[in-house]
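A.B. asks: Sequence:
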Amino acid sequence: MEEEQAQVSSTWPSPPPFWRDFTPDNIERINELRIEQAEKEGIKDSSQIRIPDLPRELRNLQPPVEPADGVWRVFGDTYRLKDELPRLEDMGIRRLFPNPEERDTNGQHLDRVLILKRLAKSLLLNFLEFVGLLSINVEAGEEKLNDIRDLFINFHHLINEYRPHQARESLISMMQAQLDRTRAETNAIRDAKDKAERIMEGLGSLKVEEELVISLTTPKKKESWGSADEVWTSVSEDL
Numbered sequence: 010m011e012e013e014q015a016q017v018s019s020t021w022p023s024p025p026p027f028w029r030d031f032t033p034d035n036i037e038r039i040n041e042l043r044i045e046q047a048e049k050e051g052i053k054d055s056s057q058i059r060i061p062d063l064p065r066e067l068r069n070l071q072p073p074v075e076p077a078d079g080v081w082r083v084f085g086d087t088y089r090l091k092d093e094l095p096r097l098e099d100m101g102i103r104r105l106f107p108n109p110e111e112r113d114t115n116g117q118h119l120d121r122v123l124i125l126k127r128l129a130k131s132l133l134l135n136f137l138e139f140v141g142l143l144s145i146n147v148e149a150g151e152e153k154l155n156d157i158r159d160l161f162i163n164f165h166h167l168i169n170e171y172r173p174h175q176a177r178e179s180l181i182s183m184m185q186a187q188l189d190r191t192r193a194e195t196n197a198i199r200d201a202k203d204k205a206e207r208i209m210e211g212l213g214s215l216k217v218e219e220e221l222v223i224s225l226t227t228p229k230k231k232e233s234w235g236s237a238d239e240v241w242t243s244v245s246e247d248l
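In the numbering used here, each number is its position in the sequence shown, counted from 1, plus 9.
One thing to keep in mind: the hints can contain errors.
[Stated by the list, open to error] Simulated crosslink set (SDA-like; lysine to any residue; CA at most 25 Å straight-line):
(1) K130 to L105
(2) K126 to Q175
(3) K126 to L97
(4) K53 to P72
(5) K91 to I168
(6) K91 to R172
(7) K130 to H165
(8) K153 to L132
(9) K91 to A176
(10) K126 to H166
(11) K91 to S179
(12) K53 to N35
(13) K126 to H174
(14) K130 to D120
(15) K130 to P107
(16) K202 to L212
(17) K130 to F164
(18) K91 to E75
(19) K153 to S131
(20) K130 to L154
(21) K153 to L105
(22) K130 to N155
(23) K130 to F161
[Claimed, not checked] Between beta-carbon pairs, the in silico distance windows are:
(24) P26 to V140: 50 to 58 Å
(25) L133 to V74: 51 to 59 Å
(26) Q185 to V83: 29 to 37 Å
(27) R96 to L134: 22 to 30 Å
(28) S182 to L123: 21 to 29 Å
(29) I162 to V140: 17 to 25 Å
(30) R103 to A176: 26 to 34 Å
(31) P73 to D120: 41 to 49 Å
(32) F31 to D189: 41 to 49 Å
(33) E45 to Q175: 45 to 53 Å
(34) D189 to E66: 53 to 61 Å
(35) A77 to E41: 25 to 33 Å
Because the hints were derived from the structure by calculation, they are not lab data.
C-beta atoms are modelled at their ideal positions from N, C-alpha and C, and glycine is treated no differently.
Kindly produce the complete structure, drawing on both the sequences and the hints.
C.D. replies: The following block contains the structure:
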């Protein structure tokens with residue numbers, strides 16, 4: 010069991026052991042059972058049927074039910090259906106900036122940019138104090154190190170609160186870029202169409218002389234051999 014858990018939690022885990030159950034015979038058997046169960050329940054789509062009391066060799070072929078608490082584990086990592094940023098208080102960290110729900114005296118949200126600047130200045134000040142304490146007494150720097158740790162965590166937590174806004178703005182930027190690209194392609198097609206129409210109109214407005222048209226359209230007459238013989242006969246008589 011410990012060896013299997015180590016494989017699941019490794020960087021490149023081996024395939025789950027239940028892959029051996031997915032044989033052609035087992036797949037055919039569970040499909041037949043699904044069709045039978047669907048006929049009993051009067052459901053047309055047999056792929057959505059859950060079969061109770063499956064044999065042991067067929068249990069892994071049926072997808073598991075959705076987790077009731079929205080938490081599941083894959084390859085040793087825990088995932089949540091509702092991904093929320095944990096609160097600092099839940100992690101045992103001191104909150105050094107107001108809650109996002111709090112408002113200022115004017116009833117407006119607090120300026121987070123200003124809070125980030127203040128935290129950055131506090132980090133620099135605490136680092137200078139930490140270096141000064143280390144030069145006097147190394148043991149006295151532990152408390153100041155914890156303060157720097159709390160500042161960094163609060164700073165990072167406040168930045169992470171902007172992630173939904175960043176995702177929304179990134180999606181807007183991607184959609185705008187796609188829209189601009191589509192508009193550019195449409196304009197290029199319209200320009201090519203207008204250019205082709207101008208060329209066709211120019212060709213249609215050209216005036217060709219009537220004689221040239223007649224000479225090009227009238228088929229040439231073939232010379233008769235008889236007239237050629239008469240010419241040679243008259244020449245020989247003159248000589």
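A.B. asks: Now tell me if each hint is right for this structure.
C.D. replies: Hint by hint, here is what the structure shows:
no. : hint                     : result
1   : K130 to L105             : 13 Å, holds
2   : K126 to Q175             : 19 Å, holds
3   : K126 to L97              : 19 Å, holds
4   : K53 to P72               : 19 Å, holds
5   : K91 to I168              : 20 Å, holds
6   : K91 to R172              : 15 Å, holds
7   : K130 to H165             : 15 Å, holds
8   : K153 to L132             : 11 Å, holds
9   : K91 to A176              : 16 Å, holds
10  : K126 to H166             : 14 Å, holds
11  : K91 to S179              : 21 Å, holds
12  : K53 to N35               : 22 Å, holds
13  : K126 to H174             : 19 Å, holds
14  : K130 to D120             : 16 Å, holds
15  : K130 to P107             : 17 Å, holds
16  : K202 to L212             : 16 Å, holds
17  : K130 to F164             : 11 Å, holds
18  : K91 to E75               : 13 Å, holds
19  : K153 to S131             : 12 Å, holds
20  : K130 to L154             : 16 Å, holds
21  : K153 to L105             : 15 Å, holds
22  : K130 to N155             : 17 Å, holds
23  : K130 to F161             : 12 Å, holds
24  : P26 to V140: 50 to 58 Å  : 54 Å, holds
25  : L133 to V74: 51 to 59 Å  : 52 Å, holds
26  : Q185 to V83: 29 to 37 Å  : 35 Å, holds
27  : R96 to L134: 22 to 30 Å  : 26 Å, holds
28  : S182 to L123: 21 to 29 Å : 26 Å, holds
29  : I162 to V140: 17 to 25 Å : 21 Å, holds
30  : R103 to A176: 26 to 34 Å : 28 Å, holds
31  : P73 to D120: 41 to 49 Å  : 47 Å, holds
32  : F31 to D189: 41 to 49 Å  : 47 Å, holds
33  : E45 to Q175: 45 to 53 Å  : 51 Å, holds
34  : D189 to E66: 53 to 61 Å  : 56 Å, holds
35  : A77 to E41: 25 to 33 Å   : 30 Å, holds
When the structure is compared with the earlier hints, no violation turns up for any of them.
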